[in-house]
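Visitor: Residue strings, one per chain:
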Amino acid sequence: MSMELRTSPHLVSDRSVERIMKHVVLSLLPVCAFSVWQYGLSALALLLAVTATCLATERLFNRAADQPSTLGDWSATITGVLLALTLPPAFPLWMGAVAGFVAIAIGKVLFGGLGCNVFNPALIGRAFVQASFPAAITTWVPAFSAQRFTEFAPTTFTVPLMIPPDVADWVKQQAVDAFTGATPLARWKFENVTASAWDFLSGAVTASAGETSAILILAGGIYLAARKFMDWRITVAVLGSAALTAWLFQMVDPSHYPSPTFVLLSGGLMLGAVFMATDMATSPVTPLGVWIYGAVIGVVTVMIRYFGGLTEGVMYAILFANAMAPLIDKYTQPRVFGARQQGKKQ
Amino acid sequence: MSLPNKNDEGITFDTFMEGVWRQNPVFVMVLGMCPVMAVTVSAINGISMGIATTFVLVSSCLLVSLIRHLVPKEVRIATYIVIIATFVTLVDYFIQALSLALYEALGAFIQLIVVNCIILGRAEAHASKNPPLKAVVNALGMGVGFTIGLFALGGVREILGAGKLFGVTLFGDQFQPWVVMVLPPGGFFVLGGWLLLFALFRGKPATEGGHTHG
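Protein sequences appear in the order of chains P and C. For what it's worth, my numbering labels the leading residue of the first sequence as 1, then goes sequentially. For what it's worth, my numbering labels the leading residue of the second sequence as 1, then goes sequentially.
Bound-form chain P, shown alone (with noise of 0.2 Å):
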């Protein structure tokens, strides 16, 4: 007979971690279920050979540590997803399985596992791969082509270790109108045009396949958050300050900066702010904390798009907000009830 001794208090809650997990697996399957609706075969393909690199890098990494399989927590399941959301649809599969198992095996279990990992795993991946395939991860396919259903992009079967085809030509056979292999970020920042609001909220756009359904990523957030699984302020903060910034650059120019509108609904941002930024691992927890931390995420984003050399920096902007963490958590330690404030007389 075994006994579990345990400090007090002994309360019991039913917010486990894998009960939180779960919810946010079940959160993302419908903006899942739309990239597939939207992408077809090859977006499945990613998102089943990404998910399953990552479950099998972490149990990997369990049986090379003698410890008990932490797959039934979900994170790694999490990851998975969100990493395939972040790649191309068409993005080969042998380096979604490189980003997967990067962001395990990197991002996370050389950490110590769940919990203890700096980074969120799963930009980890998408930052390795976007600087080792810089080409591969702006190759874009159409949405809502005609043969979605019945055949994969010609990128998805790539060879491990080669070259993916060129996709010029089978984006033709595809018949979709207007179709310019550019993101709107990238159409935004080479060409100055912007996609409208509808583009993006009926799904007509160039992107990632999670980059798309800012509606079904904020009805998950909005039922994480009501669940209590989520902490909305960061998301909050994260899409405020964003906005923020960018109406004040259209403020100064509006003939050269776009709408806050666009700001938001582009690229990873909507998906980042929900659903990476607010990884309990990798964030703030005081109060004040999560604020700046959302702040920054958002401001850095929009700094990033506009002045940088990258199209988007949702990426970037999180992974340096989660460097931040420990740091903003330092320096925004709530005064302890009835305790004297440092160098501070009574």
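Hints are computed from structural coordinates only; laboratory data are not their basis. In this text, a Cβ means the ideal position worked out from N, Cα and C, and glycines have one as well.
Distance ranges between label pairs, derived from CB positions:
1) C:Phe201 - P:Val193: 52 to 60 Å
2) C:Gly10 - P:Ser69: 46 to 54 Å
3) P:Pro134 - C:Glu124: 43 to 51 Å
4) P:Ser259 - C:Leu165: 46 to 54 Å
5) P:Trp37 - C:Leu170: 34 to 42 Å
6) C:Ala108 - P:Glu191: 36 to 44 Å
7) P:Ala339 - C:Ile81: 51 to 59 Å
8) C:Ile81 - P:Phe111: 36 to 44 Å
9) C:Ile67 - P:Pro134: 49 to 57 Å
10) P:Val12 - C:Leu170: 54 to 62 Å
11) P:Phe111 - C:Val115: 27 to 35 Å
12) C:Gly193 - P:Ser69: 18 to 26 Å
13) C:Ala108 - P:Lys330: 34 to 42 Å
14) P:Phe111 - C:Ala125: 28 to 36 Å
Please build the complex by placing chain C on the supplied structure of chain P, with the hints as guidance.
Guide: Structure of chain C alone, referenced to chain P:
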């Protein structure tokens, strides 16, 4: 030279193998990281750097060991640096004459062998306390260990970053290069991976005193 030296235990196989395995400069001591990170984008660069460093290391240790009873303790570090710098200048000119392409690829890191901590470390910790032959054998082991380390990094980075090894194409011309591997972050990833593997091979637990659960 007739003074008895208590460190003089004769030359064993371990005198040589110390640098290759037990005290490998790259994987165990983690010394000389500047050239390790900077020049290992290809296997040939790594090996050239390793050989250049080995030459300086062996020659300096020989000279330091020969004059170990003549140099006053107070000025020994300055003396070592002058000796090392002399051999580095030799290597610098030699490589420039041998292959200008290699000279340009290695860049300032040839001159920077002067400040490589492995060499000064060996001179101070070993050569200045041991007879010439033993110092040379030990320095050679360290040099070989360093070269192996540089080759291990350079090889992996060249294979993944360019699909080649020693300039020979391995996977055909359709190979997708992993751009990150020839960039500085790639050096850190590969070094981290090798350190992890080495720790596994040597059977040393990653953390002293066991794990913390929970």
